[in-house]
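Colleague: Residues per chain, in single letters:
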Amino acid sequence: MDILLRQVGYSYAVDTPFEKRALTDVSLHIPSGSYTAIIGHTGSGKSTVLQHLNALLKPTEGAVIIGDRKIEAGVKAKNLRDIRRQVGIVFQFPEQQLFDETVLKDIMFGPLNYGVPEEEASRRAHELVEQLGLPKEVLGKSPFDLSGGQMRRVAIAGVLAMDPEVLVLDEPTAGLDPRGRREIMDLFHQLHIQKGLTTVLVTHSMEDAARYADQVAIMHNGRCVVTGEPGVIFADEEQLGDYRLEPPRTVRLQRHFEARTGLKLDGISLTEEALAKNIALALAEGRDSE
Amino acid sequence: MQKASSSYTSVRTYDLILTSMAIALVFVSTLLLNIRLPIAANGGLVHLGTAMLFVIAILFGPKKGLIAGAVGMGLFDLVSGWTLWAPITILARGLQGYVVGKIAWSGSRKGGSTGFNILAAIVSIPLMVAIYYVGEAIIFSSWIIPAASIPGNLVQNTVGLIIAIPVVAALKKTPFFK
Amino acid sequence: MNSTILSFEDVTFTYMPEDESVRPAVENLSFSIQDGEWIAIVGHNGSGKSTIAKLMNGLLFPQQGTVRAMGQTMSEESLWDIRSQMGMVFQNPDNQFVGATVQDDVAFALENNGVPHEEMVKRVKESLHQVKMEEYVDHEPHHLSGGQKQRVAIAGALALKPRLLILDEATSMLDPQGRVEVIETIRELREATGLTVISITHDLEEAALADRILVMNAGHKHGEGTPDSVFLEGNELTKLGLDLPFAMRMTHLLREAGLPLTREHMTEDELVDELWTFYSDK
Amino acid sequence: MMEKMIFGRFIPGDSLVHRLDPRAKILFVFLFIAIVFVANNAITYGLLIGFTLLVVFMSRIRLYFLVNGLKPVMILVIFTFLLHILFTREGAVLLDLGFMSIYEEGLRQGIFIAIRFLVLVFITSILTLTTSPISITDGIEVLLGPFKRLKLPVHELALMMSISLRFIPTLMDETGKILKAQMARGSDIGSGPVKERIKAVVPLLIPLFVSAFKRAEDLATAMEVRGYRGGSGRTRYRQLNWRFKDTASLLVLVALAGTLWYFRS
Ligand SMILES: Nc1ncnc2c1ncn2[C@@H]1O[C@H](COP(=O)(O)OP(=O)(O)OP(=O)(O)O)[C@@H](O)[C@H]1O
Ligand SMILES: Nc1ncnc2c1ncn2[C@@H]1O[C@H](COP(=O)(O)OP(=O)(O)OP(=O)(O)O)[C@@H](O)[C@H]1O
Ligand SMILES: [Mg+2]
Ligand SMILES: [Mg+2]
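Protein chains in written order, with UniProt numbering: chain A, 1 to 290; chain B, 1 to 178; chain C, 1 to 282; chain D, 1 to 265.
In case anyone wonders, no lab produced these hints; they're calculated from the structure.
Only true hints are included.
Subject to a maximum C-alpha distance of 35 Å in a straight line, what follows is the list of computed DSBU-like cross-link-like pairs (lysine-lysine):
hint	chain 1	residue 1	chain 2	residue 2
1	B	102	D	195
2	C	125	A	20
3	A	105	B	102
4	A	58	D	199
5	A	195	D	199
6	D	177	A	76
7	D	195	A	78
8	D	177	A	105
9	B	172	D	195
Whole structure, please, built from the sequences with the hints as guidance.
Modeller: What follows is the structure, encoded as structure tokens:
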């Protein structure tokens, strides 16, 4: 399912003395099956953009086209439930949405609301708990009896259980320890690959954006200023600096290495593994050519 | 709600903060959470402040019920243009919270009996309505005008009751109350 | 100079003493911290780090062993005196801000300790200056970023002129910029005042800044030492659910890619240096 | 942000009224409420209007803003006025509409009550418009001071109020987030059949409670670590200063009461 933002503007608290413009003229195309990372400084409008993707916010200017639905500023949109089922959203600190008596019921909450039959919902819950690396026993426990990391996983399962076509993630790993962070990001990537799930990730981690995304969008002062491939975006350090962002660590190390040795690596290394390989290669070649 | 360390001071501090949170919860539910119902009174817009007040009084008893009702809703009046009503609200909602808590907690029930919880809320309704009626009668110097707000108050309270009971039941099942 | 400011002697604590099957959150733990040191405590989720922090300032009392701080044994009697000499900053910036405005919050601990008014005004100003938040005296918490709130929390701790500052994952909920702000603040404070700092963290880059690292695993002390010596364990740490600093991960990956790197590198500079020698050697 | 909307009732400023001690302002409002009931004829009500406008003027709050913020209250004023006209049947008939008549006394009553109502609303609103909630809390704490002897936990009450004020914006943000998160899971208190809307309340309130508990626990720990152990032995950072202008403001009110009494019929 393609999502298209067409010159979207959004203001909070319209028609009050506290009106606050959050987005201006944002155009962004999220192709079906892509993995898009949205990066930008704090307050640049990333979360506001995200909430347009499943019509939790409606643009005050411009239009958002989600699949075959069009949500236009000033036009009353009816029946947004379908959109919200197709576009699942994992908020920052999603464990805050847990409420039900047991983990099983909580995971089934979304699907049941959207009319999925009981057995099917339960089947999905069982499957997801396993997929997310949680022990089977948690299904019968109260979500409030779990550790922080487990709660986060259950909340994510609650969104995945609706079987969305698009998965929207707002800093899904904030506050987790390094292992938890890595496991969850890898899981999203796996889903993206295996199920062809269109994925949109808001993150402060340039490393994650570089590692996983095939399209990167930079937000700055409520505008979407650049979109492009990570290899191109993260190579342009000057531009990143203009938007108060730093390149990923791998890129910084690569530049450092290049400056010191005078060798030039091919392209730009977006993952640690790639960087190691490139450096090894360059050094080997450097030797040969002497 | 057991805290790991339970010296006298820490229990009191926690209690104080819990009460502050209760005030904030009542305020926020009054301001932000509205349900529109297809009925005429109040234009159909019902806030969840009353429901929240019932829940708090039932879960935490008369003292917190009193403070959450009086301060939470009184504060709401103060900051949202109904300053003149604040004294009435403080009295009516404080008493309402107290009565609900008192009945729901009578005989060491501690809000554990659904029957008593419902009874508590029902008993508090005429009390709250009457205080508002008398208070507004003084402001307006009339016994007729304040009658206009009775239906709205009744709807508000009824919806509060209908919502509070399942919420209490659900909350009682969370580990915080075991 | 090198006096012990805090020590644990064979401390065991369990949240559920009645339940034998639950393992203690902290077991037979001993360590000591010298005046002026910066110690990092690292460990996976649930390894007992926060429990240690709570034992340090008498929020919890051990079932076995002794906690000593500021030259006194922790007890109901000495507790308030000890607390007045240590500051603590917690993980969630929102849940520790008591005052209605920045200055009220910084003054809170002073009020509790009965500091006279003129002195309070002076100290509030001083502490806010130390964390570079003096321009924000009248700001309300919800108008501050996470990093700013944490700096206010640090100022609130500093106002009492503590000898020891404990940070329990104080940076883990912040965005990268907020994290840098807070770590910078701590660094500068240490340079200026020689404050003893205990930072509990998941962030190994942050831990690498400390003088000494204490590694926790499932309630036990796994080991302790300088960052260099601790990180030398390499994959052992990864097994404990921890990460390695970036430069070290790269060192390992480069080795896997066939480069015969001889040493472990803690910083990028060192790593690039060796790569360079390697290249220029030919 | 949303919190500005509620506390937006407080308009920071530097007028004489803003600078009065909150205790003076609270006492002023209570005294004023009592005094208003002294008025009973055209002159006294006229004086009240004059006095109120003077206070509004001195607060430097634009009348437009004051009236605009009070729209729902204004509707009530009009409603009250009409009811008095319709239901009072004393004095000469001013207008005979056939199906009903408007009496002189009704009109008089209607106007007077409306005026009383308006001056009350204006003066009480001026209090909250010129005093920050936290100053009001400070004022209340000190004014309630004498009740400490009756074992009323005044210090605790004031601390509770200030903590709740501190957490209201936080919980409001949180409420917004939970609302959206559950909406994304297909449960919405804003649309669908009534039964569904009511059902959608549970998934909303439980997380809100849980989050409040969590915050309470964290905050209690943080407060204790910072040496909080009840009200005794504490000093105050915020100081209130009672100055001459505060006494003067109350004296003016006494003068007003005297004048009203004199002109009362
Ligand atoms: N509910 C709201 N009411 C009013 N203004 C808001 C609201 N939410 C966000 N804003 C404002 O809109 C702008 C964009 O906010 P947004 O949350 O989209 O930023 P962000 O890029 O997600 O930031 P962060 O990285 O801190 O999460 C900010 O200036 C913010 O203050
Ligand atoms: N209040 C409590 N009641 C019961 N058990 C607890 C409590 N707090 C912590 N525990 C348990 O004690 C152990 C140690 O917890 P602690 O919070 O000290 O870990 P931590 O290292 O700080 O973890 P994290 O990195 O998640 O903060 C865990 O197994 C935890 O489940
Ligand atoms: Mg955001
Ligand atoms: Mg911890």
